[in-house]
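For the protein sequence lines, the chains are A and B, in the order given.
Residue 1 is where the first sequence starts when you use our numbering, and the numbers rise one by one after that.
Residue 1 is where the second sequence starts when you use our numbering, and the numbers rise one by one after that.
No wet-lab data here; the hints were simulated from the structure.
Just so you know, not all the hints are guaranteed correct.
Because identical chains share one entry, a pair is satisfied inside a single copy or across any pair of copies.
Computed list of lysine to aspartate or glutamate pairs in EDC-like fashion (alpha-carbon distance at most 16 Å, straight line) [as the list claims (entries may be wrong)]:
no. : residue 1 : residue 2
1   : K373      : E361
2   : K196      : D449
3   : K471      : E428
4   : K318      : D426
5   : K482      : D253
6   : K84       : E194
7   : K208      : D253
8   : K190      : E12
9   : K373      : E57
10  : K5        : E479
11  : K60       : D152
12  : K373      : E327
13  : K318      : E491
14  : K208      : D26
15  : K494      : E57
16  : K84       : E13
17  : K60       : D426
18  : K196      : E530
19  : K370      : E194
20  : K84       : D213
There are 2 protein chains.
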Amino acid sequence: MTVSKRAAIATEESLHRIFTIPEAPDSTLGRIEQEISQNLTGFLGDHIVAKERALSEIEKDFACSNIPEQPTFVSEHTHHLLDKVVSQSVHTSSPSFIGHMTSALPYFILPLSKLMVGLNQNLVKIETSKAFTPLERQVLGMMHRLVYQQEDSFYQQWMHSANHSLGAFCSGGTVANLTALWVARNNLLKADGEFKGVAREGIFKALKHYQYDGLAILVSARGHYSLKKSADILGIGQDSVIKIPIDANNKIDCQKLREKCQELTQNNIRILSIVGVAGTTETGNIDPLDVMADIAAQFQCHFHVDAAWGGATLLSNKYRPLLAGIERADSVTIDAHKQMYVPMGAGLVVFKNPASVASIEHHAEYILRKGSKDLGSHTLEGSRSGMAMLVYASLHVISRPGYEMLINQSIEKANYFAGLIEQQDDFELVTKPELCLLTYRYNPKAVQDYLTRCNAQKQNEVNDLLNQLVKFIQKRQRENGKSFVSRTRLEIEKYHGHKTIVFRVVLANPLTSKEILTDILAEQVELAQESHTFLPKLRTLAAQG
Amino acid sequence: MTVSKRAAIATEESLHRIFTIPEAPDSTLGRIEQEISQNLTGFLGDHIVAKERALSEIEKDFACSNIPEQPTFVSEHTHHLLDKVVSQSVHTSSPSFIGHMTSALPYFILPLSKLMVGLNQNLVKIETSKAFTPLERQVLGMMHRLVYQQEDSFYQQWMHSANHSLGAFCSGGTVANLTALWVARNNLLKADGEFKGVAREGIFKALKHYQYDGLAILVSARGHYSLKKSADILGIGQDSVIKIPIDANNKIDCQKLREKCQELTQNNIRILSIVGVAGTTETGNIDPLDVMADIAAQFQCHFHVDAAWGGATLLSNKYRPLLAGIERADSVTIDAHKQMYVPMGAGLVVFKNPASVASIEHHAEYILRKGSKDLGSHTLEGSRSGMAMLVYASLHVISRPGYEMLINQSIEKANYFAGLIEQQDDFELVTKPELCLLTYRYNPKAVQDYLTRCNAQKQNEVNDLLNQLVKFIQKRQRENGKSFVSRTRLEIEKYHGHKTIVFRVVLANPLTSKEILTDILAEQVELAQESHTFLPKLRTLAAQG
Numbered sequence: 001m002t003v004s005k006r007a008a009i010a011t012e013e014s015l016h017r018i019f020t021i022p023e024a025p026d027s028t029l030g031r032i033e034q035e036i037s038q039n040l041t042g043f044l045g046d047h048i049v050a051k052e053r054a055l056s057e058i059e060k061d062f063a064c065s066n067i068p069e070q071p072t073f074v075s076e077h078t079h080h081l082l083d084k085v086v087s088q089s090v091h092t093s094s095p096s097f098i099g100h101m102t103s104a105l106p107y108f109i110l111p112l113s114k115l116m117v118g119l120n121q122n123l124v125k126i127e128t129s130k131a132f133t134p135l136e137r138q139v140l141g142m143m144h145r146l147v148y149q150q151e152d153s154f155y156q157q158w159m160h161s162a163n164h165s166l167g168a169f170c171s172g173g174t175v176a177n178l179t180a181l182w183v184a185r186n187n188l189l190k191a192d193g194e195f196k197g198v199a200r201e202g203i204f205k206a207l208k209h210y211q212y213d214g215l216a217i218l219v220s221a222r223g224h225y226s227l228k229k230s231a232d233i234l235g236i237g238q239d240s241v242i243k244i245p246i247d248a249n250n251k252i253d254c255q256k257l258r259e260k261c262q263e264l265t266q267n268n269i270r271i272l273s274i275v276g277v278a279g280t281t282e283t284g285n286i287d288p289l290d291v292m293a294d295i296a297a298q299f300q301c302h303f304h305v306d307a308a309w310g311g312a313t314l315l316s317n318k319y320r321p322l323l324a325g326i327e328r329a330d331s332v333t334i335d336a337h338k339q340m341y342v343p344m345g346a347g348l349v350v351f352k353n354p355a356s357v358a359s360i361e362h363h364a365e366y367i368l369r370k371g372s373k374d375l376g377s378h379t380l381e382g383s384r385s386g387m388a389m390l391v392y393a394s395l396h397v398i399s400r401p402g403y404e405m406l407i408n409q410s411i412e413k414a415n416y417f418a419g420l421i422e423q424q425d426d427f428e429l430v431t432k433p434e435l436c437l438l439t440y441r442y443n444p445k446a447v448q449d450y451l452t453r454c455n456a457q458k459q460n461e462v463n464d465l466l467n468q469l470v471k472f473i474q475k476r477q478r479e480n481g482k483s484f485v486s487r488t489r490l491e492i493e494k495y496h497g498h499k500t501i502v503f504r505v506v507l508a509n510p511l512t513s514k515e516i517l518t519d520i521l522a523e524q525v526e527l528a529q530e531s532h533t534f535l536p537k538l539r540t541l542a543a544q545g
Numbered sequence: 001m002t003v004s005k006r007a008a009i010a011t012e013e014s015l016h017r018i019f020t021i022p023e024a025p026d027s028t029l030g031r032i033e034q035e036i037s038q039n040l041t042g043f044l045g046d047h048i049v050a051k052e053r054a055l056s057e058i059e060k061d062f063a064c065s066n067i068p069e070q071p072t073f074v075s076e077h078t079h080h081l082l083d084k085v086v087s088q089s090v091h092t093s094s095p096s097f098i099g100h101m102t103s104a105l106p107y108f109i110l111p112l113s114k115l116m117v118g119l120n121q122n123l124v125k126i127e128t129s130k131a132f133t134p135l136e137r138q139v140l141g142m143m144h145r146l147v148y149q150q151e152d153s154f155y156q157q158w159m160h161s162a163n164h165s166l167g168a169f170c171s172g173g174t175v176a177n178l179t180a181l182w183v184a185r186n187n188l189l190k191a192d193g194e195f196k197g198v199a200r201e202g203i204f205k206a207l208k209h210y211q212y213d214g215l216a217i218l219v220s221a222r223g224h225y226s227l228k229k230s231a232d233i234l235g236i237g238q239d240s241v242i243k244i245p246i247d248a249n250n251k252i253d254c255q256k257l258r259e260k261c262q263e264l265t266q267n268n269i270r271i272l273s274i275v276g277v278a279g280t281t282e283t284g285n286i287d288p289l290d291v292m293a294d295i296a297a298q299f300q301c302h303f304h305v306d307a308a309w310g311g312a313t314l315l316s317n318k319y320r321p322l323l324a325g326i327e328r329a330d331s332v333t334i335d336a337h338k339q340m341y342v343p344m345g346a347g348l349v350v351f352k353n354p355a356s357v358a359s360i361e362h363h364a365e366y367i368l369r370k371g372s373k374d375l376g377s378h379t380l381e382g383s384r385s386g387m388a389m390l391v392y393a394s395l396h397v398i399s400r401p402g403y404e405m406l407i408n409q410s411i412e413k414a415n416y417f418a419g420l421i422e423q424q425d426d427f428e429l430v431t432k433p434e435l436c437l438l439t440y441r442y443n444p445k446a447v448q449d450y451l452t453r454c455n456a457q458k459q460n461e462v463n464d465l466l467n468q469l470v471k472f473i474q475k476r477q478r479e480n481g482k483s484f485v486s487r488t489r490l491e492i493e494k495y496h497g498h499k500t501i502v503f504r505v506v507l508a509n510p511l512t513s514k515e516i517l518t519d520i521l522a523e524q525v526e527l528a529q530e531s532h533t534f535l536p537k538l539r540t541l542a543a544q545g
């Protein structure tokens, strides 16, 4: 036997082994798994390096573009992952990571995720998912009912109907919004006489047939960037997404919305959809959905609500009224991986009318045959995992009242934090929490006073300096690694629309305590003192007045 | 303290517990997890009920549309999942499940998936993914190099460049194909003079500006249904996907492709993209990519290769030449969850030109700021999981030669199975394997003989009966639950394009043995005898001859 032949047999045996022999409990990976199972927080705390390394440094560990020619032992590779990947990942579940919409996950999610991966179902079709298909349809039914509150008989009729769908599961809110607008576009520009519909003939012929000069999607200035992206993808064009000004509470100005609708209609631009935002990404505010539904009805257009972030609030009987009117939407996006505490990858959209997805139906010879219940005939994505099981399990284990408690606590915590900010001399609350999201900035008392008495030009000068200071603090705080708040830039009415950089916090992690919030502010005050350019300049300016 | 107040506190405590107290090792879920870790095959074999229950029966277990008002204990819910979901799921990793592109997974994937979920990174931006961002870029670089084989310096320059991207990770092949065509469309109809580009102004104005009467995407008759779906979504219209006839080997007829390109161009229809298929879903054949690249160059259009299924073949030095010409494609789709043995949800597309994604770039205020390395500025999806880590780990643990061995074995197994089918009197091999995919049908020797001597009308009659027989066998075999082959319907040249139902098998599971293949054929012969309508009719017909 030659050396290369012997090597080949050895490789073959080791390959067979990775498919058939489990990781031993005392192997490196086995031990890690036990650590994760027993104490995820401890594991992440021990292994994620708090102090930030520069990205350019980290990139050096990921510089090789060759696929390895030599296999690595699992244990060795696991050490490598711990050392180079886990250590430099982001502790998204940390109670002091309050900058984005990722939170701690319940413990039962971990073993269930493993079960999901082990089952490796493909939900595009029954043949690779069987029970997961009715399970997903049930979850969509539950989420539909959460939004639309139809009768039992409605769900009995439609939930498992082959040619209907109450919604679509997908990887996230972007695909959910895209799916909703795709359905809206195809229903608006449907087959008519000789014209076979936009799905078959495309937008160019559709607009010619219907004799429109263009389409428009209207949303508040706080609308998510995925709407522009969707308009681009759908061939409508980003410029067709018309941003309507907001009021002082970051809600769409309905008067301006109505006027814009009239203007567009007069100009022969057909309104494809009005999009309400239920929980803006930047400030967490909810549009006046009921009034928007009236306007959509008046202009006979699709009414979509992007509740990717705020949709879970419907689980709270106490705060549900904030979203009044959502039940009049034609479609609603909700991300379960945001406030429903399941891992990344669980977006969904529900449709009021179970027949509306017919406009995006498609078939193939080997699957999705007509009349089949294959979920793939009504989804944008093809092959998909069984993520619906995690939402299903969470709905059962946590239950609606459990979710209500989590959501109420988050909102109340945000109110508490807002109070804390307002009590402190050197902070300015910029947007009050309606849900569990708020924005604020560092702004020393003396500077705040100066801003009330100086002229607009000086205001801008001060605000530019404050922007730099807030950015400085936010970056430094992230680098220190003890806590994380994000930042965004908002046009603030009281500063004549000046683009103002603010801290943005999302208080959805149930483990974030009041002490942590106090500490975060204290750290920011300290960090501000480390700014040797912006803070002194601000003090000098303020002293002038 | 009132009863309701006390209940609320109890709920609050139990809620806190699910976020902080791990599942005990001796809990139901803990035990299941250990079973999965120690013996996944055994676990699935024990818990998945082989005998098929009617879907309508299963649906009864998923009929309730109310979100539960009472929490369920994790252990209780786990029993419920085992009983109602796992038991009725599909054993996709079984070595006798050879009907679709799902396979067994290596064991190390299970604990790594759990680690991925525990880390819960969001790859849309650095702030929620840090090291995962360069990691994903590296994986894209490796896959790009696998396809395009550029020099080290190329990857040094582009792999981690903020304003470039070598590709995009996504949930699967459909989104990958859609992304590729989106990029192609936006580059073709780019800004020009007054016109701000299709991304901003949409297709209607773009076609008017460029004075085209339409767009076209050309692909073989074996192209995947996601291309039509993409054309629909992108506003081009499904009818713009022009299916070019195939030759006897299921490859696109390049002469007809060239002629159609000429015809379209003469009719002022701009060719957006020619799409080569590298591994058709139904037969596994590969288009003559090199010739197609010539034609795409001649007509100056985007050349995309859908290698969702077959792309992994590039890892085999032996079979790589089958895909010769792929390195000339502008974009290539590859699904890692197919022949790269990672779980569902790992699609990707690579672009030859790292700058081509600029046409789909977008930004937002709170993330994806200009110049940032946030992956989300060049992807269709927004929030995404750290799935790239599983591909990264697999490339290191299995390595290229390991993948080569797996892929070579699969192809050789398919050839073995083809031989087995041809040896048997009562089977007809319909499409030979080029990769590890083949189709065949049950067709008794006497009927095969009759088909060679009867007229076309009789041929159709026989083929219709065979269709029903094959469908009968396939369904019955699936219901018996011992093994699973899929079926599709192909237009067969030797039967004058008659739509012929065939068994379709995909031999990608490394654990599928020769004995299993023999048994599958034996079971099909037995099942054929159970057909008391089609088989006797066929015998009668054949006896006439």
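query = Hint numbers the structure violates, sorted upward?
reply = Of the numbered hints, 2, 4, 5, 6, 7, 8, 10, 12, 13, 14, 15, 16, 17, 18, 19, 20 do not hold.
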